[in-house]
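So the protein sequences, as listed, match chains X and C.
1 is the number of the first residue of the first sequence in the working numbering; add one for each residue after it.
281 is the number of the first residue of the second sequence in the working numbering; add one for each residue after it.
It should be emphasised that the hints constitute simulated quantities derived from the structure, not laboratory data.
For clarity, every value in this text was computed on a predicted model and none was experimentally measured.
Worth double-checking, as some hints may not be accurate.
[Unchecked claim] Chain X regions said to be covered by chain C (calculated; three or more residues, Cβ under 8 Å): (1) 69 to 82; (2) 92 to 100; (3) 105 to 112; (4) 121 to 130.
[To be verified] In silico EDC-like cross-links for lysine to aspartate or glutamate, where the CA-CA straight-line distance does not exceed 16 Å: (5) C/Lys372 to X/Asp35; (6) C/Lys439 to C/Glu462; (7) C/Lys439 to X/Asp133.
The C-beta atom is built at its ideal place from N, Cα and C for all residues, glycine as well.
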Amino acid sequence: MTILENLRKRPFSRPAEHEPDRPVLEVSHLNVRYDHVTALEDVSFQLERGERVAVVGPNGAGKSTLFKVIAGVLQPSSGEVNISGHVPGGHICIAYLPQRSNVDWTFPVSVADVVMMGRIGKLGVFRWPKSSDWNYVHQCLEDVGLQPLAKRQISELSGGQQQRMFIARALAQEAEVMLMDEPLSGLDVHSQEDIYTILGELHRRSVTVMVATHDLDQAATHFDRVMLLNHRLLGFGQPGEVFTTERLVTAYGGHLRLVENGESGLLALGDTCCDEGEEP
Amino acid sequence: MIDVIVSPLNYAFMVRGLLAALMVGVVCATVGTYVVLRGMAFFGDALAHSILPGIAVGYLVGGGAQASLFWWGLVTAVVASIGIGTISRGAKIREDTAIGIVFAGMFATGIALISTVRSYTVDLTHFLFGDILGVSTADLRLILIFGALIIAAVILFYKEFLVLSFDPLLADTLRLPSRLLEYLLLTLIAVAIVVSLQTVGVALMVAMLVTPAAAAYLLTRRLPVMMLLAALIASLSGLIGLYISYYASVASGAAIVLTCTFFFALAWMLRTLQRAL
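Use the sequences and the hints to build the structure in full.
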């Protein structure tokens, strides 16, 4: 009986220990090649705990690829990713929030069901969620303001609510690193503000967040640092240093509309490219 | 009215057939829920057809013993599903193309094998369209044991299969053994097909997997309810279909599948009405 009990208590994999003196995320000399196409080339950077980073770059720049390598679901051709001292494959504290267009919204599950999915890394094999797990799920829904919609089928949510549901799922996962793939595209201004409010709360909880976005203007105003990516890392730092005309033209080529903002001296920028997804 | 229901039960073969239809309905519909949600209908259809050469060899080797047919069928189904995966990955062609190649090749092998023996002509129709009234007590025992194993696996791995089907990337970031779970699910579908072989046969098998689950999908937006509803619709279709077959002298497999189709049409109408109101 004890053997069975031990088996039931055990999750599928034992998560790696976190070394507090190591940076939360360290990427060094990362290369990813699909067949003969280079998706990422010699990408290196470090993130501090609780940072909010916007990742910008044209379609097919390798933003999703970078996130998948950091999440440990895609093996790089060479180079290393290190999360709190260990390779990503050992962690269950990294959440990847999918692009909304890649989700089957007709799937027969409720909002609370989806958020509970985040908890199953903490549950053992053959174990059903207990009332304490459901309490945790409802707390996470409360945190993103979706508690009243807990029992709704997921297709009944608006775009902003769908995005907040995935953030609640990442909270239920007790994620310390959240990778959000185009969470803001297609949302109205009000819904975007909701997301930024939640990002602020995540910052206070020391959750490290990387957000892929097309909106250079929003990236410059709502994030601690911005990362300009087009297969290679073209810049990483304060928006003023990174979003220079020269670097942006290198990243986007002709697909960019540059508008001079007279008052602040900053550039207000718009990526003229579509908001559709990029390569897998 | 009561006599209409009770009188066929005087025949032991009808009682065995009804029990088989009930169990097969529950098992196929439960597994079929995942077939519908993951868009694997063509895969299920192909897998059922791919079993034919295994059945033919089992027949030649075992001289018609059901247990031997069962194991040959099961091994063939597993070989077919691994073959489809290997070809689509190795040859870098779309999965549905790989399914088409493997399915047609194996089905043709089965027909070729069967055609070499002339006395098989009668039995071929049994494999293709089922022979539910020929179900023996030993068959019932096999259906019960393997059906129970399938249901147990679906319940035990409920949360893992749910995550794998809804968001495979989440399954990966939670470090679930995705590949292993994927193969387990394919094996469950294969076993469900093999235990149901005698009820509807390979040609109509996909209907047992897909139609009740699709009808349930139209009626609910919760996965556990969808599974229960699908099981209810499928087993009810099995019972009603078999009675229709008894009284109208229609082939039993066809009668069961047509009843499923009727329930799907009913579910569609209900939903359309619900939306209109």
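Hint check:
no.: 1; hint: 69 to 82; result: holds (count 3)
no.: 2; hint: 92 to 100; result: holds (count 5)
no.: 3; hint: 105 to 112; result: holds (count 4)
no.: 4; hint: 121 to 130; result: holds (count 5)
no.: 5; hint: C/Lys372 to X/Asp35; result: holds, 12 Å
no.: 6; hint: C/Lys439 to C/Glu462; result: holds, 13 Å
no.: 7; hint: C/Lys439 to X/Asp133; result: holds, 13 Å
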